[in-house]
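**Q** Chain by chain, the residues:
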Amino acid sequence: MKKDLISITDYSKEEYLRILELAAFFELNPNQNLLNGKVVASLFFEPSTRTRLSFETAISRLGGRVIGFADAGSSSVTKGETLHDTIRMISNYADLIVMRHPLEGAARYAAEIASVPVINAGDGANQHPTQTLLDMYSILKTQGTLDNLNIFMVGDLKYGRTVHSLLMAMSDFENPIFNFIAPDELLMPDEYKMHLREKGIRYFEHREFTDIISAADIIYMTRVQKERFSDPIEYEKVKNIYILRDRMLKNTKPNVRVLHPLPRVNEIHTDVDRNEKAYYFDQALNGVFTREAIIAHTLNLI
Amino acid sequence: MEENVKKKLKVSAIKDGTVIDHIPAQNLFKVISILRLDHIDNQITFGTNLESYKLGSKAIIKVSDKFFEDDEINKIALIAPHAKLNIIRNYAVTEKKEVEIPAEIRGIVRCFNPRCITNNEAITTRFAVISKSPIALKCHYCEKITDQEHLQIQ
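Which chain is which? The protein sequence lines are A and B, in order.
In this text, residue positions in the first sequence follow this note's numbering: the first is 1, and each later residue adds one.
In this text, residue positions in the second sequence follow this note's numbering: the first is 1001, and each later residue adds one.
Looking at chain A on its own, in the form it has when it is part of the complex (with noise of 0.2 Å):
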């Protein structure tokens, strides 16, 4: 059976800590040549800059190759090709494949199709467990565990994938608590409450971005964007509200660290980069790590 990485759900709770083991393990010995004369597609129908470049990164650390493609543009896509056809023809070439797709499902399918095993690097808003994996090493280097943290999830929670895949996967820890704070229109959609009532798990929703946050461990920031909004009244009403400012840190627990996955537009003012408890970029180097984790595991090389 071959290992793909499709949703966050389909590792258990000890993958999850392999992969965070490992990484930890690739972040003080990145240069490997566990993936010598390997050879790994990354197909990317979608560009992006963050993604593509430290996965890039990871592979060429482990000594592999990187075939395929940063757009669909410059794929047989424009010819009309079948995502079935380029998924069959390519699995023929590589050993691995690295896949982003503008439509949801996508990976799932190109899994079932793929006789090499498939890392999803985002099929459209639905999934995107790289992400969710560094950002857990980024809680666990910073916090020194992923048990008892009061977890803030703030922005776009209906929309944004990475606070979805991120609340299901912290909730198979001990003794989290989640606090939401969002607008009517981006709330967290009832499913992942749901599932943190089954779980037992606290959490509480609010519409203010005030002072609560000095209870946090970890803000996770998203953007909010105007395309979400059905009447553009509503966003101009909000967008202004969910932004992260040097001051409002002041009283916050000390081990406090603001996350975001990036790009950021303006949803973290600049002012808070020069801040101890700002994370972001950091949380982006981690993704190189935590992907040479995720492609060591995938393809049994460690």
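By construction, these hints were calculated from the structure, which means they are not laboratory data.
Computed from a prediction, not measured in an experiment: that's the story for all the values here.
Incorrect hints may appear among the rest.
Claimed, not checked - Below, a list of computed lysine to any residue pairs in the SDA-like style, where the Cα atoms sit at most 25 Å apart:
| # | chain 1 | residue 1 | chain 2 | residue 2 |
| --- | --- | --- | --- | --- |
| 1 | A | LYS193 | B | ASN1042 |
| 2 | A | LYS2 | B | ALA1128 |
| 3 | A | LYS253 | A | GLU205 |
Since chain A is already given, all that's left is putting chain B on it; use the hints.
**A** For chain B alone, kept in the frame of chain A given last:
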């Protein structure tokens, strides 16, 4: 009594086979297509727009010499949830069955999410049934939930 006589007059009896009753009239041809009755050589009679207390207007299908497997017949559960099967042997009803919504549905239903890969490439849809009443289907591919209100038969 009179009701029974009427029924017999409208759709003739079969010697051996299956009678599928209480199909919503508007879904008769979908049932025929899902069960692939248009691809078999058995004798088939059907009646539609028959009066029904429960459904208002129902359809009935009689298929001679055909006995469905549960997996096969349960495929119609989404469009004919109250369908009843009478298994006929030598003109007598020997067994009655009701359809049941299966745990997983392949094909038949469209995913309501226009951004789902199944609506953009030729793929058989696949859903996990997370609730039977009201119906809620989780797409195996895009993981979005299609509910009763958005349920569309392919």
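**Q** Against each hint, give a clear statement of whether it holds in the structure.
**A** Structure-based check of each hint:
1. About 52 Å separates the Cα atoms of A/LYS193 and B/ASN1042, which puts this hinted pair outside 25 Å; it is violated.
2. Of the pairs offered as hints, the one joining A/LYS2 and B/ALA1128 holds, with about 23 Å between alpha carbons and a cut-off of 25 Å not exceeded.
3. Annotation: proposed proximity of A/LYS253 to A/GLU205 holds, straight-line Cα distance about 20 Å (limit 25 Å).
Of the hints listed earlier, the one the structure fails to meet is number 1.
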